[in-house]
Amino acid sequence: MFEKILIANRGEVALRIHRACREMGIRTVAVHSTADADAMHVRLADESVCIGPAAARGSYLNIPAILTAATITNADAIHPGVGFFSENAHFAGMVAEHDITFIGPAPEHMAIMGDKIAAKAAMKKAGLPVVPGSDGPVADEDEALKLAAKIGYPVIIKAVAGGGGRGMKVAHNDEVLRQALPITRAEAKANFGDDTLYLEKFLETPRHIEIQILADNHGNVIHLGERDCSLQRRHQKVIEETPSPALNSATRDKIGARCVKAVKKLGYHSVGTIEFLYENGKFYFIEMNTRLQVEHPISEMISGIDLAREQIRIAAGAKLDVTQKNIQLAGHAVECRINAENPKTFLPSQGAITDYHAPGGLDVRVDSALYSGYRVPPYYDSLIAKLIVRGRSRNECLMRLRRALEEFVIGGIETTIPLHQRLITETDFINGDYDIHWLENLLEPEA
Amino acid sequence: MAKFKFDDDLVRSLAKLLEETGLTEIEFEAEGERIRVARSGGAVTGTAASQPQAAVAAESKAATETAEVGEEHPPGTVTSPMVGTAYTALESGAPPFVSVGDTVHEGQTVLIVEAMKTMNPVPATHGGKVVQILVENGDPVEFGQVLMVVE
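In order, the protein sequences belong to chains V and X. To convert a position in the first sequence, counted from 1, into this note's numbering, add 179. To convert a position in the second sequence, counted from 1, into this note's numbering, add 33.
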């Protein structure tokens with residue numbers, strides 16, 4: 180087992196990792212920017228090293244600084260957390276070159292999953308359902324029409340060299356497709372210099388459902404069920420829950436087993452999350468995250484498994500100490516991501532926390548690095564706390580969540596707590612009746 | 034389990050250190066033993082905004098000898114441009130770049146900080162007299178750590 184782990188991250192996730200390390204008797208090194216000198220995990224860590232200025236590129240995204248800090252503190256492993264370098268194969272490779280263990284999967288798997296087209300191809304080969312499409316460029320109208328008939332309308336035409344939502348057109352029938360093809364080609368040429376197009380099935384009201392997997396270096400792979408993360412705004416998750424109101428246990432077991440099989444085939448080891456779009460009873464693979472996820476606590480709440488701990492154990496070469504048969508997923512859990520933002524305009528709020536009171540009680544968990552007197556720095560993302568609540572049923576969970584949100588005090592800055600309080604009273608949410616567009620549709624008239 | 038030997042000399046010297054430096058708390062841990070000496074009357078973790086003491090205590094709570102990073106340094110202080118290992122001489126056995134009392138000019142190399150096998154010369158930010166050298170040869174240093182004071 181590792182003696183000392185360097186935490187190459189910040190905020191609440193750095194604190195999360197520190198906690199897992201300390202529970203295992205592992206010493207921690209907190210590397211931080213000048214802006215985070217007073218961060219809670221920096222205060223609690225066994226050692227701390229200031230590695231650069233506030234701007235992430237000089238500190239948290241500064242490879243030489245992180246590796247040097249690991250060298251001078253004699254850390255034997257680096258935990259990359261979430262974001263920053265957690266899915267950067269180049270960084271993982273450099274860490275290994277320095278004879279330090281990177282807590283995560285092999286760089287090769289990070290590289291494959293980092294490329295969306297390669298990831299799709301790899302997962303298709305490993306037996307997972309993917310969004311049906313042309314698998315390559317579409318040469319002409321005839322090919323497009325044939326493909327659309329095969330896939331089924333609606334379809335979306337996309338520029339191969341495109342991105343940012345541009346160079347895309349949805350077509351609901353042959354007529355529209357015929358007209359849209361030349362227009363999209365011209366748009367692609369104008370925007371990206373390349374008019375190559377491909378076709379995919381367009382999902383109109385999908386849910387975002389992801390499966391948590393754990394795999395050790397001894398060929399053992401398990402899954403901890405799903406998380407429904409459909410409540411999103413601008414592709415950022417706002418509320419997550421498990422189990423998904425849309426799945427029953429048969430569906431869950433089936434997709435879970437398929438994911439386990441795919442992960443085994445890939446030879447992937449560490450924790451990971453396989454993300455799908457789910458519509459009309461069908462799953463469509465979109466991407467795999469080769470790291471711990473922000474919303475991992477909800478899976479922990481219903482399974483009793485400490486994911487950060489398991490991730491560290493796996494990296495140290497240990498075997499998973501549970502099998503799929505032993506996994507019991509009990510109850511219902513919801514997470515509210517609380518940001519330092521105005522709950523209506525979403526403008527970032529910064530400053531000193533004057534009063535801080537976190538809710539407590541049975542099955543109420545707060546993952547946050549806040550404390551009274553702490554100054555929220557303006558340089559990083561606005562997530563400042565995660566409120567995670569569990570109940571024996573979805574109803575009990577939501578009642579408890581309502582009570583916990585009422586009790587949560589974060590004074591001195593604006594937070595999105597009022598937004599969460601509102602969302603959990605919306606009829607659609609209470610009925611579990613929402614898809615990935617629901618939240619934006621709800622907020623749009625008020626924008 | 035080894036018996037914890039109560040070392041009152043250690044407590045006395047830590048208490049003296051508190052007085053001299055104006056800190057409110059010192060915690061020291063080594064080889065499985067840990068001791069914490071705190072000055073009573075100052076809340077270390079403030080709970081309400083109305084306690085100005087809380088803010089002061091939080092700032093003075095640095096139990097390491099490195100200066101608070103991000104704070105204003107008087108002109109002439111030489112801070113580390115990166116995390117690494119500080120060297121006061123080009124190689125072991127060689128004479129140090131500067132000694133206390135020397136006069137240096139702006140831009141003169143006064144130290145080297147090594148990171149990832151590259152040696153990075155650290156220049157004096159102002160000309161003047163070397164008043165304090167705060168690191169020893171081979172000490173690990175943080176970004177922004179005060180290494181030397183030149184007046």
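A hint or two may mislead.
Claimed, not checked - Among chain V residues calculated to face chain X with C-beta under 10 Å, some are:
#	residue
1	Ala234
2	Leu240
3	Ala248
4	Gly611
What the hints assert, rightly or not - Each pair of labels, with its calculated beta carbon distance range:
#	chain 1	residue 1	chain 2	residue 2	range
5	V	Ala233	X	Pro154	23 to 33 Å
6	X	Glu169	V	His277	39 to 49 Å
7	X	Ser73	V	Met180	37 to 47 Å
8	V	Thr524	X	Phe39	29 to 39 Å
9	X	Asp41	V	Thr524	58 to 68 Å
10	X	Glu53	V	Gln529	52 to 62 Å
11	V	Asn253	X	Phe61	54 to 64 Å
If you're looking for bench data, these hints aren't it; they were derived computationally from the structure. Don't be surprised by glycine CBs; every beta carbon is placed ideally from N, CA and C.
Results for each hint:
Interface hint status for Ala234 of chain V: violated, as the beta-carbon distance to the closest one in chain X is roughly 12 Å, over 10 Å. Given hint, Leu240 of chain V at the interface with chain X, is violated; its Cβ is 14 Å from that chain's nearest Cβ, farther than 10 Å. At a threshold of 10 Å, the smallest CB-CB gap from Ala248 of chain V to chain X is about 5 Å, leaving the interface hint in force. For the restraint placing Gly611 of chain V at the interface with chain X, the shortest Cβ-Cβ distance is roughly 39 Å, beyond the 10 Å limit, so the hint is violated.
In this structure the hint that Ala233 of chain V and Pro154 of chain X lie 23 to 33 Å apart at CB holds, the actual value being about 25 Å. At about 25 Å, the CB distance of Glu169 of chain X to His277 of chain V disagrees with the hint of 39 to 49 Å. Taking 37 to 47 Å as the suggested C-beta distance range, the pair Ser73 of chain X and Met180 of chain V conforms, at roughly 40 Å. Checked against the given bound of 29 to 39 Å, the beta carbons of Thr524 of chain V and Phe39 of chain X, roughly 59 Å apart, lie outside it.
Checked against the hint of 58 to 68 Å, the pair Asp41 of chain X and Thr524 of chain V passes, with Cβ atoms roughly 60 Å apart. Checked against the hint of 52 to 62 Å, the pair Glu53 of chain X and Gln529 of chain V fails, with Cβ atoms roughly 36 Å apart. At about 20 Å, the beta-carbon gap between Asn253 of chain V and Phe61 of chain X misses the expected band of 54 to 64 Å.
Comparing the model with each earlier hint shows violations of hints 1, 2, 4, 6, 8, 10 and 11; every other hint is respected.
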